[in-house]
Amino acid sequence: MTRDRSFLHERRRVALALPVAALLALAGGYLAAAQAAPKERVIKLTVKRFEYSQKEIVLKRGQPVVIEITSLDVPHGFSVPDFRARADIVLPGKVTRVKFTPDREGTFTYLCDIFCGTEHERVEGRFIVRT
Amino acid sequence: MAIDRREFMRLAGLGGVVFASGLPGWARAQGYGASAEEFFFVQLSDLHWGFSDPKVNPDFAGTLQKAIAAVNGLSQQPDFVVFTGDLTHNTDDPRERRRRLGEVKEITAALKVKDLKFMPGEHDASLDNGKAFREFFGDTHHTFDHKGVHFIALDNVSDPAAALGEGQLRWLAADLASRDRKAPIVVFAHRPLFDLLPQWDWATRDGAKAIDLMMPFENLTVFYGHIHQENHHMTGHIAHHSAKSLMFPLPAPLSQPKRTPLPWDPNEPYKGLGFREVELEERGVKVAIEELSVVKRSAA
Chain A
1 MTRDRSFLHE RRRVALALPV AALLALAGGY LAAAQAAPKE RVIKLTVKRF
51 EYSQKEIVLK RGQPVVIEIT SLDVPHGFSV PDFRARADIV LPGKVTRVKF
101 TPDREGTFTY LCDIFCGTEH ERVEGRFIVR T
Chain B
1 MAIDRREFMR LAGLGGVVFA SGLPGWARAQ GYGASAEEFF FVQLSDLHWG
51 FSDPKVNPDF AGTLQKAIAA VNGLSQQPDF VVFTGDLTHN TDDPRERRRR
101 LGEVKEITAA LKVKDLKFMP GEHDASLDNG KAFREFFGDT HHTFDHKGVH
151 FIALDNVSDP AAALGEGQLR WLAADLASRD RKAPIVVFAH RPLFDLLPQW
201 DWATRDGAKA IDLMMPFENL TVFYGHIHQE NHHMTGHIAH HSAKSLMFPL
251 PAPLSQPKRT PLPWDPNEPY KGLGFREVEL EERGVKVAIE ELSVVKRSAA
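These protein sequence lines map, in sequence, to chains A and B. Just so we're aligned, residue 1 is where the first sequence starts under the working numbering, counting upward by one. Just so we're aligned, residue 1 is where the second sequence starts under the working numbering, counting upward by one.
It cannot be assumed that every hint is accurate.
[As the list claims (entries may be wrong)] For lysine-lysine, the following DSS-like pairs were computed, each having C-alpha atoms within a straight-line distance of at most 27 Å:
| hint | chain 1 | residue 1 | chain 2 | residue 2 |
| --- | --- | --- | --- | --- |
| 1 | B | K105 | A | K99 |
| 2 | B | K112 | B | K147 |
| 3 | A | K48 | B | K131 |
| 4 | B | K258 | B | K114 |
| 5 | B | K117 | B | K147 |
| 6 | B | K66 | B | K55 |
| 7 | B | K112 | B | K66 |
| 8 | B | K112 | A | K99 |
| 9 | A | K48 | A | K99 |
| 10 | B | K105 | B | K131 |
| 11 | B | K296 | B | K105 |
| 12 | A | K55 | B | K55 |
| 13 | B | K258 | A | K60 |
| 14 | B | K131 | B | K114 |
| 15 | A | K60 | A | K39 |
| 16 | A | K44 | B | K258 |
| 17 | B | K117 | B | K271 |
| 18 | B | K117 | B | K131 |
| 19 | A | K48 | B | K258 |
| 20 | A | K55 | B | K258 |
| 21 | B | K112 | B | K296 |
[Said to hold, decoys possible] DEER-style ranges, computed between Cβ atoms:
| hint | chain 1 | residue 1 | chain 2 | residue 2 | range |
| --- | --- | --- | --- | --- | --- |
| 22 | B | D212 | A | E40 | 33 to 39 Å |
| 23 | B | R99 | A | I128 | 40 to 46 Å |
| 24 | A | T131 | B | H233 | 32 to 38 Å |
| 25 | B | D92 | A | G93 | 18 to 24 Å |
| 26 | B | D93 | A | I128 | 56 to 62 Å |
| 27 | A | I89 | B | R179 | 31 to 37 Å |
| 28 | A | T107 | B | S52 | 32 to 38 Å |
| 29 | B | D128 | A | I43 | 31 to 37 Å |
| 30 | A | E68 | B | K112 | 53 to 59 Å |
| 31 | B | M234 | A | K39 | 41 to 47 Å |
| 32 | B | P263 | A | G93 | 25 to 31 Å |
| 33 | A | I89 | B | K112 | 42 to 48 Å |
| 34 | A | D103 | B | P269 | 45 to 51 Å |
No lab work stands behind these hints: they were computed from the structure. Model, not experiment: these values are computed from the prediction. Ideal placement from N, C-alpha and C gives every residue a C-beta, glycine not left out.
Take the sequences, apply the hints, and build the full model.
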């Protein structure tokens, strides 16, 4: 009997310990993830005929970015084909957000892909992604 | 007869590289369209009438006329001439746009062949959604049939976002729905329908949807402009052929950091400029292409 009760007591302790351990592990995981995930970087850009406000932007590999872009005149585009990131349209006076995470090093073009006039082909810039 | 004509042009110093694409289905489809005849047409593209930088093309006001004289000088005249867009160089002024479009219409009227098919490019149509173009040349997308071959002219430029749009894709699907899978079909567009180089805006936003619709057809070929150079690309069994410009050549994909025009070479004037003739043989399902220069060169 005594042995039996002791056994039950042991089982209860184990039963209690398991959820606590799971919770601690889960919380630890969240904390680790929160520490590991780089903070999102917000970059403000404007575009007008026929240039972006920044022609070269250095990014950190693996750090998510949000491009907040506004047109100062006519509708424009914003596309980063290498990261499959694109705005449907960038309208005057309205903030358009494009999110992506540069997952590799190198130099990558961003460009206007909505025809905006004679010098449309000039409306572009470069992301330089470093570790 | 076709070989004789090509030989004549080579000897006359007009001929360029011959590129022939025997499409996978053509041998099996030889019996298709018993009434079809062999014929050829000429593709002119990217005239950019109104462009006026002499450093890029000192003969900006005369290259188009030279090309027209070259076409008129062919030993046999084509059945028709198709202009695959960017007839004019862009301008913000709607009146100037119309003046340039009107001049293109007047100048090209000097062609001996009178069956002319005009299509818009983004320089003609993107700033007013094709309004001025339609006033001069009619619909921006259309179909026609010629000697057993079905032709489809698509518009991927009137929307400044370079999309065909759901409406045009439905129209294309309806046009193709009743056609024989072996039927000879030629598709014209200004911009590449596939992602040639999105980093240089050489793509069509929803072009993949159009290619999906075309894929069941065994004898379908695409001709386009926009990139001011020859490029030959396959999406599955479908060949896509881009044409040279009549104003300035552009660099090969990623051959330089920016897609700026190649400079004029005084030692080789008109280098990189030209037009092409396209012959539809074997009852319209075999395509033979010949690239021609604007001015005569010594035979290679």
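Status of the hints after comparison with the structure:
1. The hinted pair formed by B:K105 and A:K99 fails the criterion: a straight-line CA distance of about 46 Å is larger than 27 Å.
2. A C-alpha spacing of about 20 Å is found between B:K112 and B:K147, which places the hinted pair at or below 27 Å, so the restraint holds.
3. For the suggested pair A:K48 and B:K131, the alpha carbons sit about 24 Å apart, so the restraint of at most 27 Å is met.
4. Between B:K258 and B:K114, the direct Cα distance comes to roughly 39 Å. Violation of the 27 Å bound is thereby established for this hinted pair.
5. A hinted pair counts as satisfied when its Cα atoms are at most 27 Å apart, and B:K117 with B:K147 qualifies at roughly 16 Å.
6. Under the criterion of a C-alpha separation no larger than 27 Å, the hint pairing B:K66 with B:K55 is consistent with the structure, at around 19 Å.
7. Note on B:K112 and B:K66: the hinted pairing holds, with a Cα-Cα distance of about 14 Å set against a maximum of 27 Å.
8. Distance hint between B:K112 and A:K99 is unfulfilled; the C-alpha atoms sit about 55 Å from each other, more than 27 Å.
9. The hinted pair formed by A:K48 and A:K99 meets the criterion: a straight-line CA distance of about 21 Å does not exceed 27 Å.
10. At roughly 16 Å between alpha-carbon atoms, B:K105 and B:K131 fall within 27 Å of each other, so this suggested pair holds.
11. A hinted pair counts as satisfied when its Cα atoms are at most 27 Å apart, and B:K296 with B:K105 qualifies at roughly 25 Å.
12. Our distance criterion of 27 Å between C-alpha atoms is met by A:K55 and B:K55, whose separation comes to about 26 Å.
13. With a C-alpha separation of about 24 Å, the suggested pair B:K258 and A:K60 falls inside the 27 Å cut-off, and the hint holds.
14. The suggested pairing of B:K131 with B:K114 holds, with an alpha-carbon distance near 24 Å, which does not exceed 27 Å.
15. Our distance criterion of 27 Å between C-alpha atoms is met by A:K60 and A:K39, whose separation comes to about 11 Å.
16. Using a Cα cut-off of 27 Å, the hinted pair A:K44 and B:K258 holds, with the two alpha carbons roughly 24 Å apart.
17. Restraint check: the Cα-Cα separation between B:K117 and B:K271 comes to about 26 Å, which is no more than 27 Å; the hinted pair holds.
18. Of the pairs offered as hints, the one joining B:K117 and B:K131 holds, with about 17 Å between alpha carbons and a cut-off of 27 Å not exceeded.
19. At most 27 Å may separate the alpha-carbon atoms for a hinted pair to count; A:K48 and B:K258 meet this at roughly 19 Å.
20. Simply put, A:K55 and B:K258 have alpha-carbon atoms about 13 Å apart, close enough for the 27 Å limit, and the pair holds.
21. Distance check on the hinted pair: B:K112 and B:K296 sit about 19 Å apart at the alpha-carbon level, within 27 Å; holds.
22. Distance hint for B:D212 and A:E40: a CB-CB separation of about 35 Å, consistent with the stated range 33 to 39 Å.
23. Judged by the Cβ atoms, the range 40 to 46 Å given for B:R99 and A:I128 holds: they are separated by roughly 44 Å.
24. A C-beta distance of roughly 35 Å is found between A:T131 and B:H233, which places it inside the suggested range of 32 to 38 Å.
25. The supplied range of 18 to 24 Å is met by B:D92 and A:G93, whose beta-carbon atoms lie about 20 Å from each other.
26. Taking 56 to 62 Å as the suggested C-beta distance range, the pair B:D93 and A:I128 does not conform, at roughly 38 Å.
27. Taken as a hint, the range 31 to 37 Å holds for the pair A:I89 and B:R179, whose Cβ atoms sit roughly 35 Å apart.
28. The hinted range of 32 to 38 Å is satisfied by A:T107 and B:S52, whose Cβ atoms lie roughly 33 Å apart.
29. Under the hint 31 to 37 Å, the C-beta atoms of B:D128 and A:I43, about 33 Å apart, fit the expected range.
30. The hint said 53 to 59 Å for the Cβ distance between A:E68 and B:K112, and at roughly 57 Å that hint holds.
31. Taking 41 to 47 Å as the suggested C-beta distance range, the pair B:M234 and A:K39 conforms, at roughly 45 Å.
32. Between B:P263 and A:G93 the C-beta distance comes to about 40 Å, which lies outside the given range of 25 to 31 Å.
33. Between A:I89 and B:K112 the CB atoms are about 45 Å apart, so this pair conforms to the stated range of 42 to 48 Å.
34. A beta carbon spacing of about 47 Å between A:D103 and B:P269 agrees with the range 45 to 51 Å that was offered as a hint.
The structure fails hints 1, 4, 8, 26, 32 (numbered hints given earlier, in ascending order).
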